[in-house]
Amino acid sequence: MADDVLFEFLHMEMVSHIYKDQASRGEMEKDRATCVSTLEGMGFRVGQGLIERFTKDSPSFKDDLDVMKFICKDFWINVFRKQIDNLRTNHQGTYVLQDNKFALLTQFSNGKQYLEEAPKYLAYSCGLVRGALSNLGMDCVVTAEVSLMPSCKFQVVIQKI
Amino acid sequence: MAVCIAVIAKENYPLYIRSVPIQNELKFHYTVHTSLDVVEEKISAVGKAMADQRELYLGLLYPTEDYKVYGYVTNSKVKFVIVVDSSNTSLRDNEIRSMFRKLHNSFTDVMCNPFYNPGDTIQSKAFDSMVTAMMVQAS
Chain A
71 MADDVLFEFL
81 HMEMVSHIYK
91 DQASRGEMEK
101 DRATCVSTLE
111 GMGFRVGQGL
121 IERFTKDSPS
131 FKDDLDVMKF
141 ICKDFWINVF
151 RKQIDNLRTN
161 HQGTYVLQDN
171 KFALLTQFSN
181 GKQYLEEAPK
191 YLAYSCGLVR
201 GALSNLGMDC
211 VVTAEVSLMP
221 SCKFQVVIQK
231 I
Chain B
22 MAVCIAVIAK
32 ENYPLYIRSV
42 PIQNELKFHY
52 TVHTSLDVVE
62 EKISAVGKAM
72 ADQRELYLGL
82 LYPTEDYKVY
92 GYVTNSKVKF
102 VIVVDSSNTS
112 LRDNEIRSMF
122 RKLHNSFTDV
132 MCNPFYNPGD
142 TIQSKAFDSM
152 VTAMMVQAS
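Protein chains in written order, with our numbering: chain A, 71 to 231; chain B, 22 to 160.
Excised from the complex, chain A in its bound form (with noise of 0.2 Å):
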């Protein structure tokens, strides 16, 4: 079934318009970060939409913990297919959520060619995650590092006031 594809390839397709957007009015070094900035927001209102929706005849959530399961789990599987493959924390706050193979970054390469590219692709995914969170109470920053493609590491460091 071709359902699968349909998101990644309006994926692509969105962050190549974006920054051709940003290309083709000229400016450059300050506008690439006003471009992941854009797809981080778009990110963050859909995964809003997202939670609502799945959480919608679960259970409430104990701790913060739990939330980031659930994240790890159903809310990964639901949006790419696939579970987190590794959680790790240090329970004061900070997470690292490691997916081996990224659905968003599989077409890219197998190792370490278009490096310099991956940030651009992930940055959806980043607001995505940072948008699920706040809207189950947890405001939080999300960054996203690519040392091996396709695999990449979320990092959630949530901000407690």
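It should be emphasised that the hints constitute simulated quantities derived from the structure, not laboratory data.
In this text, a Cβ means the ideal position worked out from N, Cα and C, and glycines have one as well.
Check before you lean on any hint, since a few could be wrong.
So, partial list: chain A residues that the calculated Cβ filter (under 10 Å) puts toward chain B [unchecked claim]:
hint, residue
1, D127
2, S128
3, L206
Covered by chain A, according to a simulated footprint, are these stretches of chain B (three or more residues, beta-carbon under 8 Å) [what the hints assert, rightly or not]:
hint, region
4, 93 to 99
5, 119 to 129
Following the hints, complete the assembly by docking chain B onto the known chain A.
Coordinates of chain B only, in the frame set by chain A:
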């Protein structure tokens, strides 16, 4: 049939309030506001009890002489409050639960609407008509 239905955001301000006898609207606003305290208490109480299944439906929050107030909280900490007439004793728990279920479904649809910004008051006509169907017919 409800007399007043309210949707309250996680920061405890109302996203949507509708009541049927429009003259006494302020009284219902006040009732919903005071019921928020009970909701908070129930949410924190369940946390301490460490039950393995925490339900979203909170049940009867408190009865007054004229009204009974029911509560429901979603996983995103949005609260739904339904006020029903005490004289309407035929309303069973299951019916209240199904009303909350419908509210939750419609609210999820509102959230997924790209024209809706989370945190704004709910302007959706679909949500309005669903709520009207659940309220007592204006006499």
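A quick look at each hint next to the structure:
| no. | hint | in the structure |
| --- | --- | --- |
| 1 | D127 | 9 Å, holds |
| 2 | S128 | 7 Å, holds |
| 3 | L206 | 6 Å, holds |
| 4 | 93 to 99 | holds (count 5) |
| 5 | 119 to 129 | holds (count 4) |
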